[in-house]
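**Student:** Given the structure of chain A, go ahead and fit chain B onto it with the hints provided.
Protein chains: 2
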Amino acid sequence: MKARVRPGSSSYDNLCLPAGFSFSAACAGIKASGRPDLALVEAVPGTTAAAVFTRNRVVAAPLEVGRASLAASRGGIRAVIVNSGNANCATGKAGIRACRQVCRDLARLLRLRLNEVFPSSTGIIGVTLPVDKIVARLPDLAAARDATRQGIDNFAHAIMTTDTRPKLACATFHSGKTAVNILGVAKGAGMIHPQMATMLVYLFTDAAATPAELKRLLLDSCEQTFNCISIDGDTSTNDTVLLLASGRSGMRLRQPAVRKDFAEALLEVCQALAEQIVSDGEGVKHVIRLCVEQAGNREEARRVAQTVAHSLLVKTAWAGADPNWGRILAAVGRSGIAVDPAKVNIKIGDQMVCRGGVGCAFDEKRAHEALAQPRCDISIGLGRGSRSILFLTTDLTTEYVSINADYST
Amino acid sequence: MKARVRPGSSSYDNLCLPAGFSFSAACAGIKASGRPDLALVEAVPGTTAAAVFTRNRVVAAPLEVGRASLAASRGGIRAVIVNSGNANCATGKAGIRACRQVCRDLARLLRLRLNEVFPSSTGIIGVTLPVDKIVARLPDLAAARDATRQGIDNFAHAIMTTDTRPKLACATFHSGKTAVNILGVAKGAGMIHPQMATMLVYLFTDAAATPAELKRLLLDSCEQTFNCISIDGDTSTNDTVLLLASGRSGMRLRQPAVRKDFAEALLEVCQALAEQIVSDGEGVKHVIRLCVEQAGNREEARRVAQTVAHSLLVKTAWAGADPNWGRILAAVGRSGIAVDPAKVNIKIGDQMVCRGGVGCAFDEKRAHEALAQPRCDISIGLGRGSRSILFLTTDLTTEYVSINADYST
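As they're listed, the protein sequences go chains A and B.
Each residue of the first sequence is one higher than the one before, counting from 236 in the numbering used here.
Each residue of the second sequence is one higher than the one before, counting from 236 in the numbering used here.
With the rest of the complex left out, here is chain A (with noise of 0.2 Å):
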């Protein structure tokens, strides 16, 4: 039995929390709207963690301390400080040791082990991080911790950068009598805001597990989710996926069934977050769910989807909820798989528009109407073989050229 929701629907409400964690956020004057840019979440003791992390080279300075703590800490992680208005990124030695300096007094507020404290941070790259603000406000954010709806949702505020509105899911399923749940917190992607594109993701469950297999589940999930998304292609320096399991429900993963219904709830959560943050992507109208199928296997799958997400002539053309599949077909082209465009075929909604690599006649108004909603199914088949991948991807608007280009350093 499973619930999944999401903010803004009337089954907000339902929000399943996991035993085992407290929330609370602040406003440490780093955003210069004056809006809660400081949070915090708390662990019990026992709780684990594994995380997923950005590929760029270029990783700002939490993301190293983070590693290091997972890595010191074997797992063992007991609270989770995140700025926003400021990624500490680009900031050298001196970004290492103010990112510290937060966890250290962070730690000793909370008598914790230095790497029992997880920092995350996303903002603006290349600023000095303000410690002094974000200590300051330590003492008032430890204090006001709460293991309600309202905390986490303070908690999903504070984390936003230019998102439109928080994002969160969960999902619950039961093993014999005793419920286990999975709560997602999650802040936007890509098309954001100048130097505001990362993506954050905190998962939090009940559920008991060794970091080892939290990092295989969670690896898993991001493969078919955070990592088949994508808006404008570029890859934030802050990107993280963390999550914690404080063991409170009793439920071991180590049961093949319960790692079994775990792993589907997680998909889910994540997938509901990957849906939020693209359709929350900046100047984004269309978000588009582009189905590869027929490759030869996932990875070709992939490079194909991928290609053609991000082709500039492709994502305009969509903005205009233009049915231009010729389009498609040269991005097809040109993503490096050795495609025989004789076997191509493209689907525009329900509407096959392209047969065998050559235009068939198709009904363009009604084309033209599937790309004018706001979620717009397209189909690639490809002829090669019998594997496929969802990717969720966005049209390219004048509106996110102009928040991009209109900002100054």
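Be aware that one or more of the hints could be misleading.
Given that identical chains are not distinguished, each listed pair holds provided it fits within a single copy or across any two copies.
Said to hold, decoys possible - Straight line, CA to CA, 30 Å or less: simulated BS3-like cross-link-like pairs of lysine-lysine: (1) K266 to K600; (2) K600 to K578; (3) K328 to K600; (4) K328 to K578.
These are calculated hints, taken from the structure and not from any lab test.
Quick caveat, the model's predicted, so the values are computed rather than measured.
**Tutor:** Just chain B, lined up with the frame of chain A:
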């Protein structure tokens, strides 16, 4: 002694005409505008040829036919027929038959063998080539041939699609008292127009060479010029660069000294055309001369340059003349090259803005002014070796998006 001229400059009158070629153009009614859309070159007997084609797997009919003709004639091409307004791509077997019919009719008219005719098409994808319209104009086209500047100018205009100006360049060198001329005519690529993003380049010389010699020289030149430009990252289905050598100067490339001078002159012509193509990209306000230095090898320099040149966050920052080095650094980091961020330096105009992966103090107003020029130099040092690449690219403006979104099939 070399001279390079571009149309519009006062030296346009100095256009050097390689002996052995005659040119003409006509209006066949393929373009709805009624502008010239059919162009012909005839070359004297003994002319040799080599060509480089798009790497896209989806390839237009004229490329398949042209490639086969080059092979069958062993590089003995005597005529080139180009139409604009229709790419004859994704048209299946009917497209191949249409292309062959045009070549056959022209061959008969000029008393050539079928495979001595080389075809090109540029324009909309997926629409049947209007063969009858083209064939009907061939007699007039053949009769109008002309070895003057006017003939070349007519040819250059007739191959345009949404180019705002014709693209011409030439160079001359002397070996003893003999002058050897190279003339290049091109139409633009990328960010051009919906479904009309093709680069066509025709190079004419009166040097004498074997097809194999031409091929080697052409590959070298393309590698350094047309393969180092990017506007929107899309690769056309019709891209073609063709080099024809009439031999009429009597100067043979077999001689190493002549070959060296020729290679230099060819590079100069290709570079001039590449720059004209980039600066005439639709919606382009700023051309960026991106120099990636201190790479371990040329391939990694190219990968870094391409990643930066294709980053939407970087390109939109350039549109706003924003000296946002953080985005450039982040693009370098995700290029797939094992760059050490602590060794990366970035210069905008004449100012260092990022040293060792960390921002340094710079005059932001001056950097903004440098980026606001029609042409700006940006250099990226990787600290990995001694290889470098010069890559020409552009900003991404709201005009590009509008042009490409507002089209409807």
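**Student:** Confirm or reject each hint.
**Tutor:** Against the structure, the hints:
1. In this homomeric assembly, K266 and K600 come within 30 Å of each other (Cα to Cα) only across copies, at 24 Å, whereas the closest approach inside a single copy is 46 Å.
2. In this assembly of identical chains, K600 and K578 lie within 30 Å of each other by CA distance solely inside one copy; the values are 26 Å within and 54 Å between copies.
3. For the homomeric pair K328 and K600, the shortest alpha-carbon distance between copies (28 Å) is at most 30 Å, but the shortest distance inside one copy (58 Å) is not.
4. In this homomeric assembly, K328 and K578 come within 30 Å of each other (Cα to Cα) only across copies, at 14 Å, whereas the closest approach inside a single copy is 54 Å.
The earlier numbered hints are all upheld by this structure, with none contradicted.
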